[in-house]
Every structure is written in structure tokens, then in C-alpha cells.
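K.L.:
Protein chains in written order, with my numbering: chain A, 1 to 313; chain B, 1 to 302; chain C, 1 to 352.
Honestly, the hints are just simulated from the structure, not real lab data. Treat the hints loosely; a few may be bogus.
[What the hints assert, rightly or not] Keeping only pairs whose Cα atoms sit at most 27 Å apart, straight-line, the calculated DSS-like set for lysine-lysine is:
| id | chain 1 | residue 1 | chain 2 | residue 2 |
| --- | --- | --- | --- | --- |
| 1 | B | K63 | B | K260 |
| 2 | B | K260 | A | K159 |
| 3 | B | K59 | B | K260 |
| 4 | B | K293 | A | K122 |
For reference, the chains in residue letters:
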Amino acid sequence: MWVARKLVRLVVVVFAVSVLTFLLTSLLPGSPVYDILGPKASDPVLSAQVRHDLHLNEPLPERYVQWADGVLHGNFGRAYSSDEKVTDVIRQRLPVTLELLIAAQLLALAVAIPLALISAYKADSTVDRAVTATSFGMLSIPDFVLAIVLVFVFAVHLKWLPATGYVHLTDSITGNLRSIALPTITLAVPLSAVYTRLLRSDLISTLQEEYILMARAEGLPPRRILWRHALRPSSFSLLTVFGINTGALIGGTVIVEYLFALPGMGYRLVDAIGRREYILVQGLVLVIAIGYVLANFAVDVLYGVIDPRVRHG
Amino acid sequence: MADLATAVDIAAPDAARLASEGATTRPGRRRLGITTWVATAWIAVVAFAAVFGDVLPLKNPLKSDYLHVAVGPGTGGHLLGTDEIGRDILARLVYGARVSLTVGVIAVGAGMILGGLIGLLAGHYRGRLEATLMGVVDIMLAFPALILVIAITVFLGQSLRNVTVAVAVVAVPAFARVTRASTLSYSTRDFVTAARGMGATNRRVLFREVLPNVLLPVACFGLVAVGVAIIAEGGLAFLGLSVPPPHPSWGSMIYGGEPKLADGTAPFISLIPAAIMFLTVLSFNLVGDRLRKGLDVREGVL
Amino acid sequence: MSERTPDRGAAAVLEVEDLTVHFRTPRGIVHAVDSVSVTVGGGEMLGLVGESGSGKTVMSRAILGLTPRGAVETVSGSIRYRGRELLGLPEPDLRRVRGREIAMIFQDPMTALNPVMKIGTQISEPLRHHLGMSRAQAHRRAVELLDQVGIPSADRRASDYPHHLSGGMRQRVVIAIALSCEPTVLIADEPTTALDVTVQAQILDLLQQLQRERQMAVILVSHDLEVVGGRADRIAVMYAGRIVEQAPADVLFSHPRMPYSEALLRSAPRLDQPGHTRLSAIPGRPPSPIDPPPGCRFAPRCERVAERCRAEEPVLAAGALVGSGLGPRAGAEDVTRRHTYRCWYPINPEAG
Numbered sequence: 001m002w003v004a005r006k007l008v009r010l011v012v013v014v015f016a017v018s019v020l021t022f023l024l025t026s027l028l029p030g031s032p033v034y035d036i037l038g039p040k041a042s043d044p045v046l047s048a049q050v051r052h053d054l055h056l057n058e059p060l061p062e063r064y065v066q067w068a069d070g071v072l073h074g075n076f077g078r079a080y081s082s083d084e085k086v087t088d089v090i091r092q093r094l095p096v097t098l099e100l101l102i103a104a105q106l107l108a109l110a111v112a113i114p115l116a117l118i119s120a121y122k123a124d125s126t127v128d129r130a131v132t133a134t135s136f137g138m139l140s141i142p143d144f145v146l147a148i149v150l151v152f153v154f155a156v157h158l159k160w161l162p163a164t165g166y167v168h169l170t171d172s173i174t175g176n177l178r179s180i181a182l183p184t185i186t187l188a189v190p191l192s193a194v195y196t197r198l199l200r201s202d203l204i205s206t207l208q209e210e211y212i213l214m215a216r217a218e219g220l221p222p223r224r225i226l227w228r229h230a231l232r233p234s235s236f237s238l239l240t241v242f243g244i245n246t247g248a249l250i251g252g253t254v255i256v257e258y259l260f261a262l263p264g265m266g267y268r269l270v271d272a273i274g275r276r277e278y279i280l281v282q283g284l285v286l287v288i289a290i291g292y293v294l295a296n297f298a299v300d301v302l303y304g305v306i307d308p309r310v311r312h313g
Numbered sequence: 001m002a003d004l005a006t007a008v009d010i011a012a013p014d015a016a017r018l019a020s021e022g023a024t025t026r027p028g029r030r031r032l033g034i035t036t037w038v039a040t041a042w043i044a045v046v047a048f049a050a051v052f053g054d055v056l057p058l059k060n061p062l063k064s065d066y067l068h069v070a071v072g073p074g075t076g077g078h079l080l081g082t083d084e085i086g087r088d089i090l091a092r093l094v095y096g097a098r099v100s101l102t103v104g105v106i107a108v109g110a111g112m113i114l115g116g117l118i119g120l121l122a123g124h125y126r127g128r129l130e131a132t133l134m135g136v137v138d139i140m141l142a143f144p145a146l147i148l149v150i151a152i153t154v155f156l157g158q159s160l161r162n163v164t165v166a167v168a169v170v171a172v173p174a175f176a177r178v179t180r181a182s183t184l185s186y187s188t189r190d191f192v193t194a195a196r197g198m199g200a201t202n203r204r205v206l207f208r209e210v211l212p213n214v215l216l217p218v219a220c221f222g223l224v225a226v227g228v229a230i231i232a233e234g235g236l237a238f239l240g241l242s243v244p245p246p247h248p249s250w251g252s253m254i255y256g257g258e259p260k261l262a263d264g265t266a267p268f269i270s271l272i273p274a275a276i277m278f279l280t281v282l283s284f285n286l287v288g289d290r291l292r293k294g295l296d297v298r299e300g301v302l
Numbered sequence: 001m002s003e004r005t006p007d008r009g010a011a012a013v014l015e016v017e018d019l020t021v022h023f024r025t026p027r028g029i030v031h032a033v034d035s036v037s038v039t040v041g042g043g044e045m046l047g048l049v050g051e052s053g054s055g056k057t058v059m060s061r062a063i064l065g066l067t068p069r070g071a072v073e074t075v076s077g078s079i080r081y082r083g084r085e086l087l088g089l090p091e092p093d094l095r096r097v098r099g100r101e102i103a104m105i106f107q108d109p110m111t112a113l114n115p116v117m118k119i120g121t122q123i124s125e126p127l128r129h130h131l132g133m134s135r136a137q138a139h140r141r142a143v144e145l146l147d148q149v150g151i152p153s154a155d156r157r158a159s160d161y162p163h164h165l166s167g168g169m170r171q172r173v174v175i176a177i178a179l180s181c182e183p184t185v186l187i188a189d190e191p192t193t194a195l196d197v198t199v200q201a202q203i204l205d206l207l208q209q210l211q212r213e214r215q216m217a218v219i220l221v222s223h224d225l226e227v228v229g230g231r232a233d234r235i236a237v238m239y240a241g242r243i244v245e246q247a248p249a250d251v252l253f254s255h256p257r258m259p260y261s262e263a264l265l266r267s268a269p270r271l272d273q274p275g276h277t278r279l280s281a282i283p284g285r286p287p288s289p290i291d292p293p294p295g296c297r298f299a300p301r302c303e304r305v306a307e308r309c310r311a312e313e314p315v316l317a318a319g320a321l322v323g324s325g326l327g328p329r330a331g332a333e334d335v336t337r338r339h340t341y342r343c344w345y346p347i348n349p350e351a352g
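Make the full structure from the sequences, and use the hints.
P.N.:
Here it is as C-alpha cells:
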């Protein structure tokens with residue numbers, strides 16, 4: 001079954017990524033001993049201790065196997081300097097990133113779909129041109145610029161929303177929504193621009209198909225034709241990119257998390273890289289890669305759902 | 001980087017579609033709109049500034065003018081004002097352009113050549129070569145791009161060269177995918193089969209028939225990628241991971257001016273470089289899009 | 001307006017008068033349809049025959065107001081459905097006519113059906129919209145319709161997607177969709193062109209059967225006289241955007257007046273001719289629709305061409321009603337037996 005084949009590929013890619021990450025962190029220049037101990041690395045006893053703790057004296061393949069074995073048993077190791085369990089870090093940080101990601105994607109879709117429908121239906125009209133021009137503009141704004149401008153307008157000037165900080169969903173729903181509002185908008189703006197353009201382009205193609213003419217000949221109203229007849233066949237590019245973005249965003253929210261001080265995966269990962277916490281880096285990257293691959297897998301499966309022709313292909 | 005991933009996947013099916021609908025290397029016949037000309041002109045200006053910055057009559061971008069700290073455009077002989085420690089903004093913009101364009105053009109260019117080659121070979125020769133090459137590409141793509149770039153700059157040290165390398169590394173798999181999609185479409189078309197039928201070897205066919213046609217869709221993607229790369233460098237600079245201070249970079253200028261934006265005292269310090277970056281990225285996007293439209297015969301029918 | 005006759009249906013249900021459709025293109029104004037007039041009576045099948053580019057598709061689409069909006073330069077004339085003017089009707093009103101009163105089926109069933117919607121759903125769409133049926137009701141009716149158009153195991157088929165069906169079956173589905181709201185007029189634009197020869201007859205038989213059962217007026221558009229031959233009650237021949245001859249089918253086949261019609265008849269391969277008989281094709285090509293020349297548009301290819309043909313365009317003349325013994329000016333004309341043609345030197349001079 002085609003699903004099974006894709007699953008196999010998924011596993012292979014994840015495995016390869018884990019090996020790659022491991023190699024990268026292990027082979028990169030700079031001695032972890034020095035990074036961790038600092039000037040105290042000259043002390044032979046201390047540095048031997050660190051080397052032992054990190055299994056640095058053992059051959060690479062063995063170290064990988066040890067780590068991988070641990071992972072498969074749910075033990076991702078502990079970050080050396082802070083002694084946190086990596087799994088705990090993941091458990092704390094991942095939900096934040098996921099929430100931001102999901103909110104941004106949903107917002108982007110909620111804006112893009114209606115815009116694209118109107119734009120495609122009235123192709124080349126003033127409305128359409130305005131939408132296209134705005135999309136272009138929104139695509140070209142760097143995310144950090146948008147972030148600081150939004151903060152400037154909404155947090156500093158209007159004081160409607162907080163500039164930084166995160167409130168957990170469990171603590172307060174309104175607080176949570178307010179704290180992710182600006183970061184969500186920052187992420188959603190370029191996303192919605194891309195989605196609008198993609199969907200509009202595909203819709204315009206679809207609207208030239210004969211089955212749309214047939215639907216018009218049946219006397220169906222334009223709204224119905226757009227939503228029920230044109231939207232589904234036009235969703236492929238959108239779906240592909242949506243899925244890929246979902247995967248890519250898990251690692252791609254770094255800058256936004258940093259700017260808005262949100263305790264998410266990306267932020268923590270960059271931090272870990274800076275502090276040379278290799279074990280933590282390995283675990284986090286692995287999780288991100290799994291997320292990416294899973295997202296792509298889901299996209300492939302969804303293709304089959306949306307377009308029945310694919311199931312037999 | 002959501003944008004790069006997106007750009008790949010818009011470009012790949014696009015390139016394939018353009019190929020399958022019969023677009024060839026005929027340049028767009030319709031008149032180029034004024035927006036495109038303006039965009040091209042802007043890119044030319046920025047490129048000129050980047051290349052000839054040294055010989056232009058600018059103030060020293062590294063020297064602080066203590067008499068005129070954070071002053072607005074036009075005062076004290078500073079055409080665009082000075083930043084938070086008194087350095088001339090215009091001069092810093094020009095030198096910053098060098099950073100942005102180096103990363104943008106060179107990193108993307110390298111990625112295009114290497115990634116393009118991989119994609120060409122994979123798409124043309126198919127079989128096991130394709131499976132291996134694209135397998136590696138898929139794995140590279142599974143790596144979160146931004147993280148990889150950050151990791152490379154952290155581990156290799158901050159410098160313009162390393163940032164460029166990092167972006168190039170991330171660009172390679174993206175170009176490989178796009179080029180392969182485009183190559184696949186062209187390789188299966190009749191004129192290629194005809195060439196083969198006339199006795200051309202596989203390699204000859206690849207370089208004389210397929211490559212010229214693949215170049216254009218990939219170049220369109222390349223232009224958009226330059227925009228993405230410029231933004232990426234800006235983001236890195238914001239995180240403090242790009243070229244180390246005091247060397248100017250648009251991203252670090254925006255970062256440096258942020259406090260004065262937040263308290264509203266001198267918003268232009270951030271906003272001027274932000275606007276310049278925005279305009280540059282927009283120009284690349286516009287030109288890339290116009291190039292794409294120029295190839296798409298079908299849109300003209302409407 | 002004509003009176004009821006015992007053997008044919010009611011008054012003219014669709015009257016097209018002087019319909020003109022011109023398109024604006026970068027190379028000039030395309031005269032797709034020029035002053036075309038046809039009438040269809042209730043329960044009657046009108047065959048509209050012409051080469052590709054003769055304007056027959058544009059005309060059939062224009063009836064329902066489906067011509068592409070952007071490029072249209074002129075649309076003038078009159079299209080009356082049961083006396084009600086359709087041309088210039090605002091969209092919402094036109095939508096009430098489409099599907100419900102006048103329906104259309106298209107040439108290629110592969111592209112006319114939405115690939116990602118189940119066929120049962122596609123049939124239900126107009127039912128739910130025009131007749132306000134609930135989903136369940138519409139589904140039941142859809143299955144009935146599938147049955148009526150000859151699709152076996154209709155109930156299961158309703159959950160299939162178009163790509164599960166063969167070309168002939170898909171066209172039956174298209175017919176089912178068109179007929180779902182019991183329209184009075186059906187426009188069939190080349191319904192069999194994209195199908196295998198063996199299937200063509202089946203579909204045409206189906207159309208004829210459904211037409212008789214529902215007393216529907218049908219306009220059968222085709223480039224192929226064979227398709228139209230045994231089935232239409234009347235035939236209108238179109239050339240370069242004009243109707244050049246219109247007559248009852250039997251009359252057209254036996255006594256065509258316009259040379260083009262006769263050439264068309266001759267060019268169809270016949271089984272009763274000896275093998276290896278050369279097919280007689282009409283030499284030359286139809287004129288460019290941009291800026292048509294003065295004079296008869298068929299002149300460049302006509303065997304009987306004369307000076308006048310090139311100078312003046314022939315007007316539509318009425319011929320005698322063959323077999324009626326009546327001259328062209330007899331009273332009590334039966335519209336459905338009228339024979340009109342556009343030629344200065346018609347062939348087969350009138351009897352009596």
C-alpha cells in the first residue's frame with residue numbers, strides 16, 4: 001500500500017537526520033570540555049571527569065548507538081550544564097511552539113482563502129490588483145522588521161497588547177491569547193501572502209475549466225461554484241506548501257520566539273547551540289526533524305483524500 | 001525558514017508547469033511595466049553602491065560623529081542622519097549593502113550552481129543516480145534550515161564568509177529540487193527525444209537542449225531566493241550572528257536602532273534600513289515574478 | 001408565431017432573431033456570429049450543422065449568456081424563450097433560466113465533470129439549488145436519473161468519481177445533470193464528438209428517447225451531418241457565422257438549395273458507393289472571421305460562383321414548401337416546414 005511505502009521513507013529520513021545531527025555536533029571544531037569548563041579545563045582531573053561523563057573517549061559509532069538506543073527508549077539524555085532531562089525540555093517547550101505555529105497557520109488560511117476567492121473571481125479588477133500588490137508587499141517584509149513595527153504600534157503606542165512574554169493556556173486563556181497575538185500576526189502575514197497568491201493562481205486556472213462552465217450553465221450561483229466546485233481542485237499547491245510550512249515552522253519560529261521572549265523550541269535550541277549543549281541540540285533537532293517529516297507525510301496522505309485520482313496512482 | 005521552503009515549492013511545480021505548457025526561451029513580448037523598470041533600477045543602484053562603495057564620497061561608516069548623535073536626516077551634513085552612536089546612516093547603508101548583496105547573490109549563486117547541477121543530473125539521468133541524489137537532498141531539506149544556518153555560524157564563527165557559506169549550504173537542496181522538477185518536464189518532451197533520435201549523446205542533449213530551457217525557470221526562483229537570503233542575513237544579524245560589529249549590516253542597523261524605535265525618540269534609525277531592505281527584497285521579488293510571467297504564455301491569453 | 005399543427009409540438013419555444021456576437025482580439029474584431037436567426041418549436045429537434053469555426057458553439061453559448069465576458073465587443077439581436085427576452089437579462093435572472101428552463105451539455109465529458117466530486121453529488125447540485133431539495137431527496141432523484149440515462153447499478157455508481165467511468169457513461173452522467181430539473185430546451189454542443197464511434201449512436205439514441213419522453217426541444221450542434229441526419233426534425237446549416245440554409249431534415253437531404261449544404265452532403269462517405277471512391281472534400285478553407293469580405297462568404301469555394309456572389313451578400317430567402325403545393329407567400333405558414341436559404345443562384349429550383 002502506498003501509505004506503507006511513505007512510512008518507510010519517513011523512518012529512513014528521520015534516521016538519517018539523527019545520524020547527521022550526531023555527526024555534526026560531534027565533529028565540529030571546539031572542544032566541548034573547554035566550552036563547558038571554561039578556564040577550568042586546564043585542570044586534568046576535571047576535564048577527565050567531563051570526558052568520562054560525556055563518553056568522549058569512546059568511538060563515535062558506539063556513542064551514536066548509545067544515544068540512539070536511549071532515544072528509542074524515550075531517554076534523550078540530559079543537558080550537561082543544566083542537568084535538565086532533554087525530554088522535560090521538549091515537553092515544556094514544544095507546546096509553546098506548536099501553539100504559535102497552529103495559530104499562525106490558521107490565521108493565515110482564514111485570511112488567504114476568502115481573499116484568494118474574491119481575487120480570482122474578479123481577476124484583473126481593481127480589487128484583485130490591490131490584493132496582489134499587498135501580497136507582494138507582505139511577502140517582502142522581513143519578519144523581524146514586521147515584529148518590531150507591530151510592537152511599536154500595538155504595544156508601545158496603543159498599549160493594547162504585551163510586547164514580550166508568554167502566558168500559558170492553563171493559567172489564563174485571555175492572557176495566553178494576548179501574549180501570542182503579535183507573534184502570531186508576525187508569522188501569519190508572510191504566510192497568508194504566499195497562500196493567497198498560490199490559491200489565487202490555481203483558482204484562476206480552475207475557473208477556466210469546462211466543468212466550471214458547466215456549473216454556470218446549470219444556473220448555480222457564483223458563490224456556490226467558488227466554494228463547492230472550484231476550491232477543492234485548486235487546493236493542491238496550497239496544501240503542499242501549507243504542509244511543508246507546518247514542518248518548517250517548527251524550527252522556523254526562532255526569530256519570533258526570540259523577539260517576543262516566548263519559551264519555545266526554536267529559542268531554546270539556538271540557546272543550546274550557543275552554549276554547546278550538544279546532547280540537548282541533538283534531541284531538539286531530532287524532534288524538529290521528526291515533526292517536519294511527519295508534516296510532509298500528512299500532506300501526502302491528504303492528497304489522497306482530496307483528489308481521489310491519486311489513490312489509484 | 002518558512003519562506004525558502006515555500007519558495008521551493010511554489011517554484012517546483014511552476015517550473016514543471018511552465019515546461020509542460022510549451023514555454024521556451026523566448027523573452028516576454030509584452031511591454032514591461034513601469035514597476036519592473038523601477039525595481040530593476042533599484043537593484044542596479046544597490047548593486048552599484050555595494051561594488052563602488054569605497055570610491056563614493058561618503059562619510060566613514062565606522063566613525064562616530066559625537067556632535068550629531070541620533071540626528072534626523074539632513075542635519076549636520078548627514079544625508080540620512082546618524083545612528084544611535086553617531087555613525088552616518090547613509091554610509092553604513094552602502095557598506096551594509098555589500099553584506100546583504102554578497103550573501104544574497106553569492107550564496108544563492110553558489111547554491112544555484114551546485115544545487116542546479118545536482119537537480120539537472122538527477123532529473124535527466126533518472127534511475128539510481130536520481131534516487132541517491134534526491135534522497136540526500138530530501139534529508140538535507142528535513143533539517144530545519146534556519147537552525148542549520150545558525151548552527152554553522154555559531155560553530156564556524158561569525159564572519160561574512162561563514163554566513164555566505166551557511167546560506168549557500170541551505171540553498172543547495174532547494175535549488176536541487178526546483179531544477180530537478182524543471183528538468184524532468186523538459187527531458188521528457190518531444191524535442192529532446194528528437195535530438196536523441198538524431199544520435200546526440202545523453203550528455204550533449206542535457207547541455208544543449210535541456211539546460212538552456214531549464215535556466216529560466218530556475219533563474220526566476222533564484223531571484224526570489226535572493227530576497228529570502230537577504231532577509232535571512234538580516235534575521236541573523238538581529239540575533240547577533242551575522243558579521244560582527246562594528247561592521248555595518250542592514251540587519252544589525254535595524255537591531256541597533258530598535259530601542260530608539262520602541263521609545264519613539266529616533267525611529268528612523270531602524271526604519272530607514274528596514275525600508276531599504278524591504279525595497280530591495282521587493283524589487284527582487286518583482287523582477288523574479290515578472291520574469292516568470294514573461295515565460296508563461298498562457299496568462300497572456302486572458 | 002405559428003399555429004399548432006397536429007403532428008408537431010407547440011409554438012416556438014426558443015426564438016433567436018438577428019443574433020450577432022463579435023469579439024475583440026488583438027488582431028481585430030472577430031465576427032463569430034452574424035445576424036443569425038433560428039427558431040425551435042416545443043418537442044422538436046433542431047440540428048445545427050457547421051464546420052469548426054462556423055460560430056455554432058459561440059451561438060449555443062450565447063443563448064445562455066455564457067460567452068466569455070472580457071472579450072466581447074458586441075452582442076445584439078434577440079433571444080426569446082417562450083416570448084421572454086433573454087439577451088440583456090441581468091445575471092441573477094439568467095441563472096434562474098439556466099439549468100431550469102434551458103440546459104446545456106458539452107462536448108468532452110472528461111472535462112465537463114468535476115474530477116473531485118462524486119457524480120451523485122454533481123447531479124444533486126442543480127436539484128438542490130433550483131428545486132430546493134434536501135440532500136437525501138436530491139440523492140434519491142439523482143439515482144433515478146442515472147437509471148433513466150441507462151447507467152446500470154445506479155445506486156452504487158452515484159458514489160463513484162468521474163474517472164471511474166468510461167467516456168460513454170460519463171456523457172450519460174452529463175445528460176443526467178442537464179435534465180435533472182426538467183428543462184424545456186436542451187442545447188447539446190457536439191455531444192458525441194469526443195466519444196468512440198460505437199458509443200456515439202447509443203448516446204444519440206438516448207438523447208432522442210429522452211427528448212420524446214419529455215417533449216423537450218433540443219438543439220443538436222454538430223459538424224457531422226451523419227449525427228444530425230436521421231434524428232433532427234429540422235436542420236440549420238451554418239457557415240462563417242451565418243445561417244446559410246434552414247429546412248426540415250428530409251427536405252434538406254433531398255433538395256438542398258445552397259451549394260454549401262449540397263457540398264456537405266456530398267462529402268460524407270456513403271456505404272452504397274463502390275469501395276475506394278474518392279471522398280469529395282470541399283476545396284479551400286473557411287474565411288477568416290476577422291473582417292469578412294463583402295459578398296457571399298462561401299464564394300471563394302463555391303463551384304457555381306458568379307459576379308453577384310462576390311459583390312453582394314445574399315439575403316435570406318424563403319423557398320416553397322416542398323410537397324405542399326403552396327408558393328412562398330401562402331398563408332398559414334407552418335414555421336417548422338419552412339425552408340430558407342442564402343444564395344443568389346440556388347440549386348434544385350423549386351418544384352411547381
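K.L.:
Look at each hint and say if it fits the structure.
P.N.:
So, going through the hints one by one against the coordinates:
{"no.": "1", "hint": "B:K63 with B:K260", "verdict": "holds (20 Å)"}
{"no.": "2", "hint": "B:K260 with A:K159", "verdict": "holds (17 Å)"}
{"no.": "3", "hint": "B:K59 with B:K260", "verdict": "holds (22 Å)"}
{"no.": "4", "hint": "B:K293 with A:K122", "verdict": "holds (19 Å)"}
Checked against the numbered hints given earlier, this structure breaks none of them.
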